[in-house]
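S.K.: So the chains spell out like this:
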Amino acid sequence: MTFIHKYPKAAKVAKANFVVAFIALAIGGFFGFVQALHRTDVFRGFFNSGEYYTLLTGHGVLLALIFTTFFIAGLFVWGVTRSLDREPENMSYTWSWFWLMTIGTVMATVAILGGLVPDSSIRAAVLYTFYPPLQAHPLFYIGLALVLVGSWMAGADWFWSYRKWRKGSPDERVPILTFMALFTMLMWYVCTIGLALEVVGLLIPWSLGWVTEIEPLLPRTLFWFFGHAVVYFWLLPAYYVWYAILPKLSGGRLFSDSMTRIVFIIFLLLSTPVGYHHQYADAGISVGFKFYAMATTMLLLLPSLITLFTVVASMEHGARQRGGKGYLKWIGKLPWDKPAFVGCALAGIMFAAGGFSGMINAGMNINILIHNTIWVPGHFHLTVGTAVALTFMAITYWLLPQLTGRKLKFKTLALIQPYAWFLGMTLMSNAMHRAGLAGVPRRTAEPQYSGFEFEPIFGTMAEMDWQIAIGGTILTISLILFLWVVIASWMAGQKSDKPVDDHIPEPLSGVEHTPAILDNMKLWFTLALILVILAYAFPLLEMVADGIFEPGALPRPS
Amino acid sequence: MPEDLSQPPESNESGKNWEEHNPDIEREITIDEFQPYGTLTLTLLYFLIVALMWVFMYFIEFGGNAPSIIE
Chain B
1 MTFIHKYPKA
11 AKVAKANFVV
21 AFIALAIGGF
31 FGFVQALHRT
41 DVFRGFFNSG
51 EYYTLLTGHG
61 VLLALIFTTF
71 FIAGLFVWGV
81 TRSLDREPEN
91 MSYTWSWFWL
101 MTIGTVMATV
111 AILGGLVPDS
121 SIRAAVLYTF
131 YPPLQAHPLF
141 YIGLALVLVG
151 SWMAGADWFW
161 SYRKWRKGSP
171 DERVPILTFM
181 ALFTMLMWYV
191 CTIGLALEVV
201 GLLIPWSLGW
211 VTEIEPLLPR
221 TLFWFFGHAV
231 VYFWLLPAYY
241 VWYAILPKLS
251 GGRLFSDSMT
261 RIVFIIFLLL
271 STPVGYHHQY
281 ADAGISVGFK
291 FYAMATTMLL
301 LLPSLITLFT
311 VVASMEHGAR
321 QRGGKGYLKW
331 IGKLPWDKPA
341 FVGCALAGIM
351 FAAGGFSGMI
361 NAGMNINILI
371 HNTIWVPGHF
381 HLTVGTAVAL
391 TFMAITYWLL
401 PQLTGRKLKF
411 KTLALIQPYA
421 WFLGMTLMSN
431 AMHRAGLAGV
441 PRRTAEPQYS
451 GFEFEPIFGT
461 MAEMDWQIAI
471 GGTILTISLI
481 LFLWVVIASW
491 MAGQKSDKPV
501 DDHIPEPLSG
511 VEHTPAILDN
521 MKLWFTLALI
531 LVILAYAFPL
541 LEMVADGIFE
551 PGALPRPS
Chain V
1 MPEDLSQPPE
11 SNESGKNWEE
21 HNPDIEREIT
31 IDEFQPYGTL
41 TLTLLYFLIV
51 ALMWVFMYFI
61 EFGGNAPSII
71 E
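Keeping their order, the protein sequence lines are chains B and V.
Following our numbering, the numbering of the first sequence begins with 1 at its first residue and continues without gaps.
Following our numbering, the numbering of the second sequence begins with 1 at its first residue and continues without gaps.
Keep in mind the hints are simulated off the structure, nothing from the lab.
Everything numeric in this text was worked out from a predicted model, so none of it was measured.
Mixed in with the good hints there might be a few duds.
[Unchecked claim] Which bits of chain B does chain V cover? Going by a derived footprint, with three or more residues having C-beta under 8 Å, they are: (1) 121-133; (2) 325-331.
[To be verified] Label pairs and their computed distance ranges (CB to CB): (3) V/Pro23 x B/Ile530: 28 to 34 Å; (4) V/Phe56 x B/Thr444: 54 to 60 Å; (5) B/Lys329 x V/Ala51: 43 to 49 Å; (6) V/Val55 x B/Arg44: 46 to 52 Å.
[Unchecked claim] Where chain B lies over chain V, by a calculated footprint (3+ residues, C-beta under 8 Å): (7) 17-29; (8) 34-47.
Note that the Cβ used here is the ideal one computed from N, Cα and C, for glycine as well.
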């Protein structure tokens, strides 16, 4: 018996979410491939440089917002259902949030792809950040708003299951898989307040022509209220996998239940009041609030370092149970021939590298060195593009058999895939970081600027461009391998009652050592809100003091 | 309280005997026996790399005694 046999309704919902996630991954990934060739001037025949921004928007929105949100929804449906041992409470409600998110996704995607149709009035080349005065068709903003509302309803679905479970189990501790899902969603509720205010309160009325002027700084600030915390909305489900499943795949147990819960609580508290670290160069925000954001950002290194310790210790436990010895020799005893393990482990290594560039980004002074250069995409292709995306792909190899009742096919291709991703991203991301240090800008179709030379610290611009193009090509091949294995397994994998070992052993230091206060969601949620108010109340008041739609600052769209 | 809260109650595999049923595992290591020296080594190596990278960034930003982006 595996998940699909025990919980057929939840399996169907999880699979539906994965279908949308993987379609978004395929389209967004292809756009990334085109960009890698275009901006390095290796091949510019796919689209013209004007259309590059449509592709860039599609790449960012479809991968960073749509792929992640739907995959996370599928993952949490699996985790909450399994750990609470109950199907969703009302399937009509569950399907309603799925379809709402899907309709929103289709609307936003149509708006983006409209930019590739000549003379189309439907366009959304506003990039991932959708800063005004760049303006998209209303379909784009309304579509994203529907995705957002659907995600809120999905979270409510899991809280609903939790409340029902709690009535039947008043004295039990929250199961760790449900705990992590609920705390991720609490963080999501806090951070999406900013996005909802921006999109519904400002951008939709503006794109519909009901309002003619909005100040750029206010929507920009509301975006970053959400825009960095969303990174943790992607990352926490990757942590979910690293804490809950990776130790077992390593042959061991999660090192500590308490540490896991503490990490998720710290992320709930500190994820949102960090947004100004994207706005160090913005005028109109006092330096004190930027400093507060820097401090909270640096504090967020703490849960990541706890994660480094806990997850690596869990893996070491697995390796030593498999006969590993020595200070480093035990690493060789890890299952480097199992695709799910390899993907998660390599994703973790890349995240450690991304942690360093993240520290540079967070620092108020040194941030200026790399601000708006291609260093920044280099950073988030390590964190989101690898730590999160590769983890999601890798754990699909383990989840899919549980959701379909079919064994994984083409295991060799599945094993090559994460190694290929790691290699492609190593080439692409290191070149991006170095090019950023030479001042190469981001968000630019033709960054070569005739009559101007970038001066690399070492190496040459041509070598970096080739690394980006070759790295992007290897990543695309890896993505095709992933999709091939998933489709083949889903359609034609051998049916089995037990297609994969889906057992998760209890933690080494279990819930009996976890203080009860860690499960007090009201307490931590209230503290999170207080920290957000401290960070954002006064600057936002300053921004709207002269009227929300009567901006005092230039430049402004009109 | 069930031993393994991530497992549904009907699971008959849960509990501390997972290692016994797993052919890949040579021996079970309890929390009292487990000494994560390897984790300590890797963590120290990571801190060393981060420190060296900071030094590298320092020279990029200040080594030339001039702004490095706007010439």
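S.K.: Against this structure, judge whether each hint is valid.
M.R.: Here's how the hints hold up against the structure:
1. 121-133: Our answer is that it is violated, as 0 residues pass the Cβ test (under 8 Å) against chain V, missing three.
2. 325-331: Result for this restraint: holds, n = 5.
3. V/Pro23 x B/Ile530: 28 to 34 Å: violated (51 Å)
4. V/Phe56 x B/Thr444: 54 to 60 Å: violated (26 Å)
5. B/Lys329 x V/Ala51: 43 to 49 Å: Given about 25 Å between the Cβ atoms, the range is violated.
6. V/Val55 x B/Arg44: 46 to 52 Å: violated (39 Å)
7. 17-29: This one holds; 9 residues, not fewer than the three required, reach chain B with a Cβ under 8 Å.
8. 34-47: holds (count 9)
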